[in-house]
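Chemist: Each chain is listed here by its residues.
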Amino acid sequence: MPDIVRKALWSIMAAGTTLASLSFPAARAQDTSAAVLARGEYLATAADCVACHTAPGGKPFAGGLKIATPMGDVISTNITPDPDHGIGKYTEEDFEKSLRHGLRRDGSHLYPAMPYVSYSGITDEDVKALYAWFMHSVKPVAESPPTTSLNFPANLRIAMSAWNMVAGTVPPESGDSATFDKMRRGKYLATALEHCGTCHTPRNMMMSEEQDNYLAGAPLAGWYAPNITSSKTSGIGGWSEDSLVQYLHTGHVAGLSQAAGPMGEAVEHSTSHLTDADLHALAAYILQVPAKEDSAEQKPRQHFGHPVEEADIRSGNLTRIDDLTEMDGQHVYDANCAACHGMNGAGTADHYAPSLFHNSVTGAGRPDNLIMTVLQGVDRTADGLHTHMPGFGASSDVQRLSDTEIAHVVNYVMKTFGSGDPAVTAAQVAKLRPAGAQNTP
Amino acid sequence: MSSEQTLSADVVIVGSGVAGSSIANELARAGISVIVLEAGPRVDRQHFVENFRNLENKPSYQGPFPSVPWAIHPPNQITPNEYLHTTGPDAEAYQQVYLRMMGGTTWHWAGCAWRYLPSDFELKSRYGQGRDWALKYEDLEPFYYQAEVMMGVCGPDPSVEDLGSPRQQPYPMEALPISYAAQQFRKLISEKTPWRVVHEPQARNTRPYDNRPTCEGHNNCMPICPIGAMYNGSYSVYHAEAAGAKFIPNAVVYRIERDSANKRVTAVHYYDPDKGSHRVTGKYFVIAAHCIETAKLLLVSADEQSPDGIANSSGHVGRNMMDHTGVQVSFISGDKALWPGRGPLETNVIDNFRDGAWRDTRGAYLVHMVDDNQVDLATALAISKGYVGRELEEQIRYLASHTVRLFSHNEGIADPQNRLTLSQTHKDVLGIPHPEVYYKLPEYTVKSCEHTRGMFRELIGLMHGTDEQWTPGYFPQDHPAGSTIMGTDPKDSVVDGFCRTHDHENLFMASSSVFSSVGTGNITLTVAALALRVADTLKKELSHA
Chain D
2 MPDIVRKALW SIMAAGTTLA SLSFPAARAQ DTSAAVLARG EYLATAADCV ACHTAPGGKP
62 FAGGLKIATP MGDVISTNIT PDPDHGIGKY TEEDFEKSLR HGLRRDGSHL YPAMPYVSYS
122 GITDEDVKAL YAWFMHSVKP VAESPPTTSL NFPANLRIAM SAWNMVAGTV PPESGDSATF
182 DKMRRGKYLA TALEHCGTCH TPRNMMMSEE QDNYLAGAPL AGWYAPNITS SKTSGIGGWS
242 EDSLVQYLHT GHVAGLSQAA GPMGEAVEHS TSHLTDADLH ALAAYILQVP AKEDSAEQKP
302 RQHFGHPVEE ADIRSGNLTR IDDLTEMDGQ HVYDANCAAC HGMNGAGTAD HYAPSLFHNS
362 VTGAGRPDNL IMTVLQGVDR TADGLHTHMP GFGASSDVQR LSDTEIAHVV NYVMKTFGSG
422 DPAVTAAQVA KLRPAGAQNT P
Chain X
8 MSSEQTLSAD VVIVGSGVAG SSIANELARA GISVIVLEAG PRVDRQHFVE NFRNLENKPS
68 YQGPFPSVPW AIHPPNQITP NEYLHTTGPD AEAYQQVYLR MMGGTTWHWA GCAWRYLPSD
128 FELKSRYGQG RDWALKYEDL EPFYYQAEVM MGVCGPDPSV EDLGSPRQQP YPMEALPISY
188 AAQQFRKLIS EKTPWRVVHE PQARNTRPYD NRPTCEGHNN CMPICPIGAM YNGSYSVYHA
248 EAAGAKFIPN AVVYRIERDS ANKRVTAVHY YDPDKGSHRV TGKYFVIAAH CIETAKLLLV
308 SADEQSPDGI ANSSGHVGRN MMDHTGVQVS FISGDKALWP GRGPLETNVI DNFRDGAWRD
368 TRGAYLVHMV DDNQVDLATA LAISKGYVGR ELEEQIRYLA SHTVRLFSHN EGIADPQNRL
428 TLSQTHKDVL GIPHPEVYYK LPEYTVKSCE HTRGMFRELI GLMHGTDEQW TPGYFPQDHP
488 AGSTIMGTDP KDSVVDGFCR THDHENLFMA SSSVFSSVGT GNITLTVAAL ALRVADTLKK
548 ELSHA
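Sequence order for the protein chains is D and X.
For reference, each letter of the first sequence is one residue, going 2 to 442 in the working numbering.
For reference, each letter of the second sequence is one residue, going 8 to 552 in the working numbering.
Some hints here could point you the wrong way.
Computed list of chain X residues with no C-beta within reach of chain D, every gap over 12 Å [unchecked claim]:
1. Glu57
2. Val75
3. Pro76
4. Ile234
5. His471
These stretches of chain D come out as covered by chain X in the derived footprint (C-beta under 8 Å, 3 or more residues) [what the hints assert, rightly or not]:
6. 318-330
7. 334-341
8. 388-401
Don't read these hints as lab results, they were simulated from the structure.
Model, not experiment: these values are computed from the prediction.
For glycine and all other residues, C-beta sits at the position ideal for the given N, C-alpha and C.
Let the hints inform the model, and build the full structure from the sequences given.
Modeler: The following block contains the structure:
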């Protein structure tokens, strides 16, 4: 898949000048040439449409994913070309209105879980390519996911028009996006397509992205999308362009960070499929985003910790297995983490199991991502490698840890290898488990 | 001590190991109510891992799993034993270990997931020895595959390496990569002998599978896989629970109640650790309590209606005890260093003697080149040779990298004299007698072991080996089988081809206890396949009821 996409893109790049020379108003008849369809597929990948419009285990683009918002769950819709359940009846104009303006075919407003505020920046030509691909290449699915029902006032879709006035949109880029220079292409990828800000930019009282705090970090369904501004201390200003490219391509850079949760999905479904040129453009743009400081993070996240020497906790005594008491953090670590990450925390030699020191997750000012990783594990396929760490939550077959044990081990790991003891409590862990999945040891 | 409550389910299963938990999972998914009674406690992996790390004697498979007083299991393979009392000329060769715990003995196996050969099911008709099963390989083939998918088995492509058991589907996962030691061993065998080394099929992840990680080669599958890359019964327990099955730990079944005609089982009774008694009723009952405990339970439940024990009109309950009683040797190779101990424990096998015309006179066998870390053996040997200081360190390094350990699974055969009975002298805290086994290695197996010894000597010669250390006598393989033997004739067998007891129409056995012959491959996959076939039978009967 990545190779095909990449090859297709090169052909688009090569054909870029030809495409650019087409005059838009005249091209009323839809162009469904292979080059346009390939371009549409690449753009849909870069915009990571599949991430939200596919339910876990569901058919591609058939919708049904629940997206948690403070107003309630927004359920993504079927965007396959099925005429009754999907967008099969959408004209190109209808498609453009929903993509760039958040308006459904019936004129009602979409909830801004759909990042139309970002997609508003997509060029006319790219909208056409996306439309062509969705209509001709995506397999129709005759299923309707459940409808969204939010709390007042957001349950009134009309309220969204007022929201839109406040949130605003950005004007679309013009011209042929394939011919943009590096920084313009990078901005286009980051803002209009990858919509990085949807997760990484904090939102104001009205739930719209605070443009003054672009990419300054925000909570995300239990995870924390970190500050990725150019701040040397709170952001990723210390990363090289090559490192960021490697991260987006593989999901992992030894001594820096690795992607799990929503970012793992973004890498798997989207950024790992981008061309090298696009990754460099994206990385270069991100690395010049104005620095925003965060008082919780005064030192680069990847600069904490060191290997533990002589962590010998052997007692020679066996646990009485008819009298099991909850273990302290060091013992939970020893029994559940050390086999892969090492007693000393250095991980495996090939970095498949990463080092826990010099690691942005343990060095973060917030324990959120470590707690979520312990609960949910890692399951990321990128660049041909399936990286898997089992979760230790309530559905784990490997080991189900209690809230207290998870609090203990997170505190131990961050104190020993990272930014310091975050004093996580069992109650904090309990809140992050999916509803109904509380562990009763 | 009185019956304080009555529980009830469509199907009541005794034992939560691979057999009991996989049946529970299949039935619960089909909407059938299930209660599983497990004698032992419920313990998480992390406690076993911590125990293993605290253990001084690392190769002690039972070490990290101390038993509870109300569900004792053999603490070790030493005779006399605190629980499994063995007698007879080869008493020490039947010193089996197993676990009485939620999830069962697959907490500490090496993941070897062999299918039996078609000939293993037809030993009598093909070779005039032992017994035939009351089913054929083809009957079990779909259930073998179902078991392989359930456990996550990796194995070789049959077009490249045919292991002799015909397959309708490829293995769920690709075979394990071959360790350095195994590469050296393979090369030697293929260049210098007429034999071959094959990939051992393993219930072990060679890629992320079933939400569990890929094997990292920690080399301590026994006693405990620290990361969950290897299958164990606890996963099937979790899956069955998610589907609605109820598991009750610390529930020691001691009585099997039947109707007045003695045709149907009506309930089982269990003790809790304080000896409070509980009655559990159901439509069907499955005893899935390991070969030894299954026979023990049937015998313990003897009453006026069935004075010789339940399902025992043939008198064969507890008889025909088999194993893969084998031979073992370690030696120091005079050739290049092998550096064993990198990767899973048991991955490479010489399979040339699993079948042949000679099976009319001597048993088959299979040879493991055991890929375990040899530092402990090497250290003991270096110290015994009197090395000290720097020389001792160098010797340990040399010996650990050059030690070769071979052992064999030799084919046992059903002999009614090899018999499990209830101990007259030992009882547990609940008053339940300990098991006792008389064992004399059948001549058929003795001949097989002699052949193996000759083959091992040949291999030692080829590798210019020194410092041979033969395990004295014979070596128990912890694969007990035969105690409720399968057959078509109710007069000389306990269960039929569907593992249903001849005597009681709603009582099934799911364990190696039903094996009519024991072949050479490790028994667990066949136990699982038979169990899944029991589940299939029960699903059909309950849906028609």
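Chemist: Give a verdict on every hint.
Modeler: Hint by hint, here is what the structure shows:
A beta-carbon of chain D comes within 12 Å of the beta-carbon of X:Glu57; the shortest separation is about 5 Å. With a cut of 12 Å on Cβ distances, X:Val75 falls inside the contact zone with chain D, its closest approach being about 5 Å. With a least CB separation of 8 Å from chain D, X:Pro76 falls inside the 12 Å interface cut-off, contrary to its annotation. Its beta-carbon lying about 5 Å from the closest one in chain D, X:Ile234 breaks the requirement of being farther than 12 Å from that chain.
Residue-level check passed: X:His471 sits 33 Å from the nearest beta carbon of chain D, beyond 12 Å. For the stretch 318-330 of chain D, the assignment as covered by chain X holds, since 8 residues bring a beta-carbon within under 8 Å of that chain's beta-carbons and 3 suffice. By the rule of at least three residues with a Cβ nearer than 8 Å to a Cβ of chain X, the coverage given for the stretch 334-341 of chain D holds, with 5 such residues. Counting residues of the stretch 388-401 of chain D whose beta-carbon sits less than 8 Å from any beta-carbon of chain X gives 10, enough to reach three: the coverage restraint holds.
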